[in-house]
Amino acid sequence: MLLNLNRLGWWKLVLFGITVLTTAFLLLPILFIAALSFGSSQWLIFPPPSWTLRWYQELFADPRWLASAWTSFQIAIIVTVLSVLLGLATSFGLTRGRFAFREGLKALFLTPMILPVVVLAVALYAFFLKIGLNGTLTGFVISHLVLALPFSILSIGNALEGFDKSIEDAAVLCGASPLEAKVRVTLPAISHGIFSAAIFSFLTSWDEVVVAIFMSSPTLQTLPVKVWATLRQDLTPVVAAASTLLILLTVLLMVLVAVVRKGLKS
Amino acid sequence: MVSNTETDSGRAYAPARVRRLTDFELTLPALVLLVLFFVVPVVILLMRSVTEPVPGLGNYVELLGSSTYLRIFTNTFLVSGLVTVVSLLIGFPVAWALAVMPGRAASIVFAILLLSMWTNLLARTYAWMVLLQRTGVINKVLIGLGLIDKPLPLVNNLTGVTIGMTYIMLPFIILPLYGVIKKIDPAILQAAALCGANRWQSLVRVLLPLAMPGMAAGALMVFVMSLGYFVTPALLGGTANMMLAELIAQFVQSLVNWGMGGAAALVLLVVTLALYAVQLRFFGTDRMGGR
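Protein sequences, first through last, are from chains A and B. The opening position of the first sequence corresponds to residue 12 in this note's numbering, with each subsequent residue numbered one higher. The opening position of the second sequence corresponds to residue 693 in this note's numbering, with each subsequent residue numbered one higher.
These are calculated hints, taken from the structure and not from any lab test. A quick note: this is a predicted structure, and the numbers were derived from the prediction, not measured. Where hints are given, some of them may not hold.
[Claimed, not checked] Here are the computed lysine-lysine pairs in the DSS-like style, where the Cα-Cα straight-line distance is at most 27 Å:
1) A:Lys23 <-> B:Lys874
2) A:Lys273 <-> B:Lys832
3) A:Lys117 <-> A:Lys176
4) A:Lys193 <-> A:Lys176
5) A:Lys117 <-> A:Lys23
6) A:Lys176 <-> A:Lys23
7) B:Lys832 <-> B:Lys842
8) A:Lys23 <-> B:Lys875
9) B:Lys875 <-> A:Lys273
10) A:Lys193 <-> A:Lys273
Isolated chain B (complex conformation) (with noise of 0.2 Å):
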């Protein structure tokens, strides 16, 4: 199975010391790493979900056919798929924009988007922890302009963890959307307004259709990113709006119940997979080209 590439026998004749590693052998360090501190400890936690507390299929009974967890995934895909939505509805624009503007602005853009990615998570969240929190600033500025008579709830509930992720996600799907508009050809848009498209059609007809493919890829990214998501909902979102990653922690941590943790992670797991392999299927790496 293993076998050295053609150059690397050619170099037989060097002096006979240590032999020389094959490029399989150069792999078996982090294949170790990975095996030992990966992939067995995953496999151990999901075996548990069928063997603890006894052998069968218990847990995924209990865990998918109770209200309470049921409430609990509808909410995942919900803020999941909120934080998608908002997220291209705004990354889409500034993408474009980003992509027509001169280099120096965009530059300035782009660094400021490389910044908010770059701060620590933590730090991002108790900012908003603090922005949104009812004597916060945002609720000051909007009873300051008379658009509201008391502090909204803006913390703690849906609204604090859609505004908090979709703050995380926004240069997740800017970024990649930004790569795929630039190789768009201006040529295209400019043959559809000689054509006599306006510039309604040939947004809707040409520009969008083209941009697509990193619309769904980017889209289907965010969205698989935000349903594994841990600390930003736990410290924005209120209890009614628990999501899987926090259950699959409380089973474990408060509850100490590794055969319903282990269930909740597989189902986390088999949801993320398909969705990734879809995004392999539909939007392989040579179809990220916006063609």
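So that you can see chain A by itself, here it is in the shape it has in the complex (with noise of 0.2 Å):
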């Protein structure tokens, strides 16, 4: 009875109360920062005294915040396009593959995903230095994809295993090459699972700050980074008009996902 909705009496009211306060605990921030970003106040006084677009001006007439969004625009789009290609290659050898080391393998190409970031932050700084891959683009491609990698073979991995081969094997009966078997008949049979690759590599790469933080050199550095080096000084309304961007773009990936998903069910 406690699973049955018509029979949990007055724990039902507790229940869902808790889960109202809960909902609103994590919309709190979010439609807070949204809305400050429009308030004139310069120290964030709650209601705004009055209303402004002053704070997204100062974003967009600063050249530093286009270039660090352009840069970490950049890097997220050039990890995506490099994580789902190697995560398709890898998932492919994985979910296949009857070689030895399989399973430890496996576990090697998740780990990035568990260890703590800052570990990973400090040793590929370290070893940056040596190779002077700090502060350019490669660098920070490089690091990142270390982080989106195991993302996309673990999606793509999990549409693989949820894959008949056999119906690979009746396109090559057909005639289909191995090759077009793969590319017309698996990939779209797949395709959930690559978009899935492709959305969270690139939310990791934009998002990512800890390895940034450390990657970053005086001309060139990440949105999260100059967000972050801002924030330590003081907090400007421009972060909220930055943040509330963001948050929109969070948003629209949502829908984005919401709108793909429909239309690969039907």
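Two chains, each in its own frame: build the complex with the hints.
Okay, here's the thing in structure tokens:
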């Protein structure tokens, strides 16, 4: 009866009360930041004395904000493409392979996901100091790729495990070349996994800050590093404007995911 | 060590062109990337803890012997433990409610969970920095309600870190717990009721034990994730509540002491991996079903 809505009695009110409060707790900071980004108070007084677009103007007038956003975007796109390609090859190998150490290899590929990011950040920073990759686009791409790849391998691997390989074999029997069968039969069938891999990889890179803090140089920094550096100075509302745009991007991505999932299902 | 699958070798009749890649070779690019830019750098860093400034275990003696660093270790475990307990206390009722809710209401809660999870970490932390400051909304509301006379210090201390980290970790405990509770057969609880158990007895003796593996696994995950957190403690915590990840960053960035940085990294790494081993050993994926 504890799992039956109609028989929970007054417990239902308690459970739903906690859920409503928790939902409000989760939503509150997001709505609050969006509201404050339009408020006129320099000291983020709430409710704001009046409304303004000043912080957005300041944000777009400052070339450093735009440059860091552009850097982040370039890195995230390159990481997404490489992560999906590597994830595809690796997942095919891991799912279908029968070689020794397969399980160990699988575990190794997923380790960057569970390791504290700060350890990887410090380790790569030291390594890149020696080979001169700190503060370069390549350095950012490599380090974000290491972090994004596990998500890609997991998403594509799961999709591939749910796909019946005999369908691909049937295509080969019907005269398709093995590559053609993979491209025209298997890839469309696992497209939802590839899509998830792309979204996760993009977000991993786009939002990543810990490694980026170490990697960045005065001339090359990503958007999260710019936010971080600004926050260490003061709580300017310009960050609220930047955060609101980031939240907007999140909402857009969520809608995109929902639409694509629906499209893939039908 | 490398062998082709049966089906692959069956395609040997394909026109002689480039030799087909074996399954192992397909994993090679990713393997090279990980070895070169993950395994090697991490191993080098850890090695430096026993070679710099002089070979030996001096760094570890200093790290584990000084009260300053001991306080940071204690604080790291304290914050992670607090965040885990609070997340569980809030997360369990929410996951339970989600499991019994009508689908439409549940999907709204899920959407909000995902939105909060996917929103940029810095944006969320920034929001809490603003909300919790002395002149922030939380203090204003509390004063307005007459609950306090002067603003409470809510940020740059343990309270701030705990609120900010709990906010981040909640979805990570609610989502897996929901899966576990959803899989429990309601008939078991009906049987408990038929046998004369009241609601409390059903909760304590049936539902909680059934959900326990999921709760333990979720709690362990949140605890381990919290141990290595850097950004949120650095922005919401004060200098008195420094955590291990910040210490590592400080050794490397401000003090340029690679030996100590490596030693602190090794400690964090060992604790993390040990807890993951516990997780795998006791709550391996096959045991996550709440049975």
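Hint check results:
{"no.": "1", "hint": "A:Lys23 <-> B:Lys874", "verdict": "holds, 16 Å"}
{"no.": "2", "hint": "A:Lys273 <-> B:Lys832", "verdict": "violated, 44 Å"}
{"no.": "3", "hint": "A:Lys117 <-> A:Lys176", "verdict": "holds, 20 Å"}
{"no.": "4", "hint": "A:Lys193 <-> A:Lys176", "verdict": "holds, 10 Å"}
{"no.": "5", "hint": "A:Lys117 <-> A:Lys23", "verdict": "violated, 44 Å"}
{"no.": "6", "hint": "A:Lys176 <-> A:Lys23", "verdict": "violated, 47 Å"}
{"no.": "7", "hint": "B:Lys832 <-> B:Lys842", "verdict": "holds, 9 Å"}
{"no.": "8", "hint": "A:Lys23 <-> B:Lys875", "verdict": "holds, 19 Å"}
{"no.": "9", "hint": "B:Lys875 <-> A:Lys273", "verdict": "holds, 25 Å"}
{"no.": "10", "hint": "A:Lys193 <-> A:Lys273", "verdict": "holds, 24 Å"}
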